[in-house]
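Here is how the chains run, residue by residue.
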Amino acid sequence: MNRRKIKSPSDLEKLRQEILAKRDPKKPRIAICAGTGCLALGARKVITTFKEELKKRGLENEVEIRETGCPGFCEKGTIVVIYPEGIYYLQVQPGDVPEIVEKTLVEKKHVERLLYTDPTTNEKAIHEDEIPFYKHQMRLLIGNNIKVDPKNIDDYIALGGYRALAKALPEMTPEEVIEEVKRANLRGRGGGGFPAGRKWETTRNAPGEPKYVIVNCDEGDPGAFMNRALMEGNPHSVIEGLIIGAYAIGSHEGFIYVRDEYPLAVENTGIALEQAREYGLLGRDIMGSGFDFDVKIFRGAGAFISGESSALMSSLEGKVGAPKPKYVHTSIKGLWNKPSNLNNVETWANIPLIINKGARWFTSIGTEGSKGTKIFALVGKVNNTGLVEVPFGITLREIIYNIGGGIPNNKKFKAVQTGGPSGGCIPERFIDTAVDFDELTKLGSMMGSGGMIVMDEDTCMVDVARYFIDFLVDESCGRCVPCREGLERMSEILNDICEGRGKEGDIELLEELSEVMKDTSMCGLGRTAPNPVLTTIHYFRDEYDAHIKEKKCPAHVCKALIEYYIDAEKCTGCLACLKACPEGAIAGEKERVHVINREKCSKCGICYDTCKFGAVIIS
Amino acid sequence: MKKMTINGMVVQVEDHWTILEACRFYGMDIPTLCYRDGLSPGGICRLCVVEIGKGERTKLVTSCNYPVEDGLVVRTHTKRVIRARKMLVELLLARCPSSKTLQDLAAKMGVQRVRFKVKDEKCILCGLCVRMCEEQMGAKAIGFAGRGKERRVTPPFDIKSDVCRNCGACMYICPVCQLRCQGPEPPSVVCGACLNVEPVCLQDNDDVMCYLDTCGWCYKMKKR
Numbered sequence: 050m051n052r053r054k055i056k057s058p059s060d061l062e063k064l065r066q067e068i069l070a071k072r073d074p075k076k077p078r079i080a081i082c083a084g085t086g087c088l089a090l091g092a093r094k095v096i097t098t099f100k101e102e103l104k105k106r107g108l109e110n111e112v113e114i115r116e117t118g119c120p121g122f123c124e125k126g127t128i129v130v131i132y133p134e135g136i137y138y139l140q141v142q143p144g145d146v147p148e149i150v151e152k153t154l155v156e157k158k159h160v161e162r163l164l165y166t167d168p169t170t171n172e173k174a175i176h177e178d179e180i181p182f183y184k185h186q187m188r189l190l191i192g193n194n195i196k197v198d199p200k201n202i203d204d205y206i207a208l209g210g211y212r213a214l215a216k217a218l219p220e221m222t223p224e225e226v227i228e229e230v231k232r233a234n235l236r237g238r239g240g241g242g243f244p245a246g247r248k249w250e251t252t253r254n255a256p257g258e259p260k261y262v263i264v265n266c267d268e269g270d271p272g273a274f275m276n277r278a279l280m281e282g283n284p285h286s287v288i289e290g291l292i293i294g295a296y297a298i299g300s301h302e303g304f305i306y307v308r309d310e311y312p313l314a315v316e317n318t319g320i321a322l323e324q325a326r327e328y329g330l331l332g333r334d335i336m337g338s339g340f341d342f343d344v345k346i347f348r349g350a351g352a353f354i355s356g357e358s359s360a361l362m363s364s365l366e367g368k369v370g371a372p373k374p375k376y377v378h379t380s381i382k383g384l385w386n387k388p389s390n391l392n393n394v395e396t397w398a399n400i401p402l403i404i405n406k407g408a409r410w411f412t413s414i415g416t417e418g419s420k421g422t423k424i425f426a427l428v429g430k431v432n433n434t435g436l437v438e439v440p441f442g443i444t445l446r447e448i449i450y451n452i453g454g455g456i457p458n459n460k461k462f463k464a465v466q467t468g469g470p471s472g473g474c475i476p477e478r479f480i481d482t483a484v485d486f487d488e489l490t491k492l493g494s495m496m497g498s499g500g501m502i503v504m505d506e507d508t509c510m511v512d513v514a515r516y517f518i519d520f521l522v523d524e525s526c527g528r529c530v531p532c533r534e535g536l537e538r539m540s541e542i543l544n545d546i547c548e549g550r551g552k553e554g555d556i557e558l559l560e561e562l563s564e565v566m567k568d569t570s571m572c573g574l575g576r577t578a579p580n581p582v583l584t585t586i587h588y589f590r591d592e593y594d595a596h597i598k599e600k601k602c603p604a605h606v607c608k609a610l611i612e613y614y615i616d617a618e619k620c621t622g623c624l625a626c627l628k629a630c631p632e633g634a635i636a637g638e639k640e641r642v643h644v645i646n647r648e649k650c651s652k653c654g655i656c657y658d659t660c661k662f663g664a665v666i667i668s
Numbered sequence: 002m003k004k005m006t007i008n009g010m011v012v013q014v015e016d017h018w019t020i021l022e023a024c025r026f027y028g029m030d031i032p033t034l035c036y037r038d039g040l041s042p043g044g045i046c047r048l049c050v051v052e053i054g055k056g057e058r059t060k061l062v063t064s065c066n067y068p069v070e071d072g073l074v075v076r077t078h079t080k081r082v083i084r085a086r087k088m089l090v091e092l093l094l095a096r097c098p099s100s101k102t103l104q105d106l107a108a109k110m111g112v113q114r115v116r117f118k119v120k121d122e123k124c125i126l127c128g129l130c131v132r133m134c135e136e137q138m139g140a141k142a143i144g145f146a147g148r149g150k151e152r153r154v155t156p157p158f159d160i161k162s163d164v165c166r167n168c169g170a171c172m173y174i175c176p177v178c179q180l181r182c183q184g185p186e187p188p189s190v191v192c193g194a195c196l197n198v199e200p201v202c203l204q205d206n207d208d209v210m211c212y213l214d215t216c217g218w219c220y221k222m223k224k225r
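Protein sequences, first through last, are from chains E and C.
Heads up, this note's numbering is the position in the first sequence plus 49, with the first residue counted as 1.
Heads up, this note's numbering is the position in the second sequence plus 1, with the first residue counted as 1.
Treat the hints with care, as some may be off.
Between beta-carbon pairs, the in silico distance windows are [as the list claims (entries may be wrong)]:
#, chain 1, residue 1, chain 2, residue 2, range
1, C, Glu151, E, Asp507, 54 to 62 Å
2, C, Lys55, E, Gly319, 44 to 52 Å
3, C, Gly139, E, Tyr376, 26 to 34 Å
4, C, Thr155, E, Thr251, 56 to 64 Å
5, C, Gly72, E, Gly351, 57 to 65 Å
6, E, Ile381, C, Trp18, 15 to 23 Å
7, E, Gly319, C, Pro157, 30 to 38 Å
8, E, Pro271, C, Ile160, 34 to 42 Å
Chain C is faced by these chain E residues, among others (derived, beta-carbon under 8 Å) [to be verified]:
#, residue
9, Ala352
10, Ile414
11, Gly535
12, Lys619
13, Cys623
14, Leu627
To be clear, the hints were calculated from the coordinates, so they are not data collected in a lab.
Yeah, the Cβ is synthetic: ideal placement off N, Cα and C, and Gly gets one too.
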C-alpha cells in the first residue's frame, strides 16, 4: 500500500480523521482473536468459516472481519466480539459460525449458549464490562488488543495512536520527557522494578555514541505470555513508546529482541515496523522534527537466560547468550560497549500513556511505590486463566477469586507462585496482601515479569520447588560455580526428598546453599533461583518434614511416597478401574472386591480418577 | 590514585586496579582458582568474593574483576565471605575430588566435609585453559560448548582443531589435570586436611585481625 508520509503532528490528525471518515461506526464488525492462544484452539478455522459464511449470504461487503490481538481470556477461546454492540462470544467453534451470522448479524439477537455464563448464578453476560473476568480489571495496555488488527497501522492511528509521539517530538525536550517518566515513577516491568526514568537518564548522560534502545521480548517464564500478547496484539503501542524513549535518550538505533518461539510476534512486529516506516514514523526526520530513528528486529534463540540484560546484549552482538559481570551497568556500557537502554515490552507500552495523559494521572493509579497497572498471566488451578491487567495495590484474593473465578472443583486454595521460576510461593495466609513490587519482595517472592501460578490443596510444595529448580538447572548458562553446581545439587537433594531418600540436615543444607547462591552468583538468575526453595521451606516446612521424617507426601503427589489400594467395603466390583488400568495391575471379578498388585502398579492415578464410589484410596 | 579501605586500613591504589590487585599489593590473601596473572579475570569460581559497602547495605562481589573506586570499603574475611567460600569449595570438591589444588584449598579453608553426592568429573570448567589458549597462545583452539550442566570445554564442533599446535599450555594451566591427588576415597572425600588455617579471630570478630597471610599461628596457639 502506498502510504503518505506524515510530516507534522497536524498531518497525523488529518490522517486520523480521514481514516475515521472512511469507516462507518455502525457497520457490523466481527473481531476475532487471532492471538497464539486462540489460534491453537482453532481460530483460523473460525475465521475462514466466517468469511465463507458471509460470502454465501452475500454479506461480505456489509460486514467487516477483523483479526485482532489477544484480549486475554484465553481459557474461553476462540473469542469473537460482534461490534458495534460489543457482544462477547466465548469458546466459538467453526460449527457455531452460521448460527452467529444468522442470529446476531441478520436477526440482531444473541446466541445465548455462547455468551458468558456465571458458574454460580447461571446469569448470562453480554458485554465486556459485564463479564466478571473483565469487570474487575483495568485494561489500559491490553484493552485495545481486541479493537485493533495488529497488521494494520490505521487501526492503531484511528484509536489515537502515535498522538503521544506527536506530542513529545515537537513540544517536549528530551529532558522534559525523562522528567515526565521519572515523575510518573514508572518501574521496569521485566522483573527488577528499576525506575525507568532513572535508567533513561543514566543512558542519556553516559559518554559514548551511538546509544541504543532495546525492547526485551525474551519472555521465558513458564506460564507467562503477557509480552507475547502485547507484541503480537498491539505492536504499535510498544514501537511508539520505543520511539519516544529513543528521542529522550538520544538514540538513533533500536532493537526489538523477540524470541523465535513467538513467530506471530515476529511477523506482526515486522509488518508494524514496515508500516510505521511507510508513514514516516520511523526513519529520517520523524514527523518533521529532525529526529532520526529506526528499529531492527532480532530473533532470539529462546534461551531463558537471554532475558537477562547483559546476556541479551551478548546475544544481540552475535555471541552466546550468557551474562557478563555487570560492575559497570549496561546503561553505561552495554551493547558493543555503548550506552544501551533495555526495557521490557510492557514498560515501553506504558510510555505513550504517560506522555498522553501525564505523570499526575499515571501516579493516581497504584500504590505508594508502584504506579500504574501490571499485566499478570493468571494460570494454574484457577477457573479463568488468561491475561489480567490490574492496578498495583489490588489484593491476591481479588485477582484469584473475583477475576480468576476461584479454584476449580471447590478445592481449597493453597499458594500462589508469583514471578516465575525465580519467584516465590506465597501461602494462603497472605492472600490479602496488596500486590506491588515491594510487598511481594517482603514475602520473599518477587514481581518478576508477572507470572502468577495458582496452586490448590492437591499440590505438593516440595514437588513445586523441585519442578522450578529442575527448570533452572536446564536454563542456567553454567558459567559460574554457585549457579551451575548449586542448582544441580539443589535439584539432586529435592529429587531425593521427593523420592523418599531425604535425610536429616537436608533442609539446613538447602538453606545454606541458597544463601550462598544468592550472595555469590554472577547474574540475576542464580541470585533469585533459590527463591522457590527458600519460600516453600519458610512457609511449608511441615511438608518438607513429612517427606523427610515420615516419608509421606501430604498432598499425595510424590509417587515414591504413596500407595494406592482399594477399600474392600466401598468396592462394588464394577470392573471400571480394572479396565482402565494401563498396567494390568488390578485383579478382580465382577461384583467381587478388586485388589491392586503393588509390584505392577505405576501409580498413575487412573484408577483413583475412574472409581465413582471413592473406593480407591491413597495412603 | 584512588583511596579506599581494605579491612579497616585506608590505602592508596592505582586507578586501573581491581580489588584483588589492590588487596594482593597490600598483602591481603584472597583465595583464587580461576584467576591468573596475565589472563583476563573470569569471575567463574567466585572464590575471590569480598564484602563491600558499609552498615546494612553490603554485598559480595568478585574481587578479580571489580574495579577499585574512591571510598570503596572492602572486607576480605567476614563470616559471610568465609561461609560463601567454604560452600563453593565444597561444591567444587564434590564435583572433582581428585584435584590436589582443590584439596589444598579445602584444607586451607577448613572444609572438612562434603555433604553432596561425590562425582568424579575431570573438569571444573574454570575456563583457564580457554583463556590461556586465546589470550596467551593466540590460538582459540578450544572454547565452551553447551549450557548449564551440559557445559564443557571442547574444540569447535568437537573435532580436532586445525589451529591447535599441541603446545600443552592448556594442560599446564589446568588446576585439575595436573597434580592428581591420590588421597581421598569416597565417602570421606576430603583428604584429611594437610593444613588448616581458618583465622580464629573470626570467632570473636567479623574481620580478619592480622594483615599477613592467614598463617594460622593464632589457631595453633589456641589449640595448644
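Cross-check of the supplied hints:
1. Range check, Glu151/C to Asp507/E: about 34 Å between beta-carbon atoms, so the 54 to 62 Å window is missed.
2. Our hint of 44 to 52 Å for Lys55/C and Gly319/E holds, since their Cβ atoms are close to 50 Å apart.
3. About 27 Å separates the C-beta atoms of Gly139/C and Tyr376/E, a value consistent with the hinted range of 26 to 34 Å.
4. In this structure the hint that Thr155/C and Thr251/E lie 56 to 64 Å apart at CB is violated, the actual value being about 39 Å.
5. At roughly 43 Å, the beta carbons of Gly72/C and Gly351/E sit outside the given window of 57 to 65 Å.
6. The beta-carbon spacing between Ile381/E and Trp18/C, approximately 20 Å, falls within the hinted interval of 15 to 23 Å.
7. Distance hint for Gly319/E and Pro157/C: a CB-CB separation of about 32 Å, consistent with the stated range 30 to 38 Å.
8. A C-beta distance of roughly 36 Å is found between Pro271/E and Ile160/C, which places it inside the suggested range of 34 to 42 Å.
9. Interface hint at Ala352/E: satisfied, since its Cβ lies 7 Å from the closest Cβ of chain C, which is below the 8 Å cut-off.
10. The closest approach between the C-beta of Ile414/E and any C-beta of chain C is roughly 31 Å, which is over the 8 Å cut-off, so the hint fails.
11. For Gly535/E, the suggested interface contact is upheld, since its CB lies about 6 Å from the closest CB of chain C, less than 8 Å.
12. Checking Lys619/E against chain C: minimum C-beta separation of about 43 Å lies over 8 Å; hint violated.
13. Given hint, Cys623/E at the interface with chain C, is violated; its Cβ is 47 Å from that chain's nearest Cβ, farther than 8 Å.
14. Interface hint at Leu627/E: violated, since its Cβ lies 41 Å from the closest Cβ of chain C, which is beyond the 8 Å cut-off.
Violated hints, listed in ascending order, are 1, 4, 5, 10, 12, 13, 14; each of the other numbered hints is respected by the structure.
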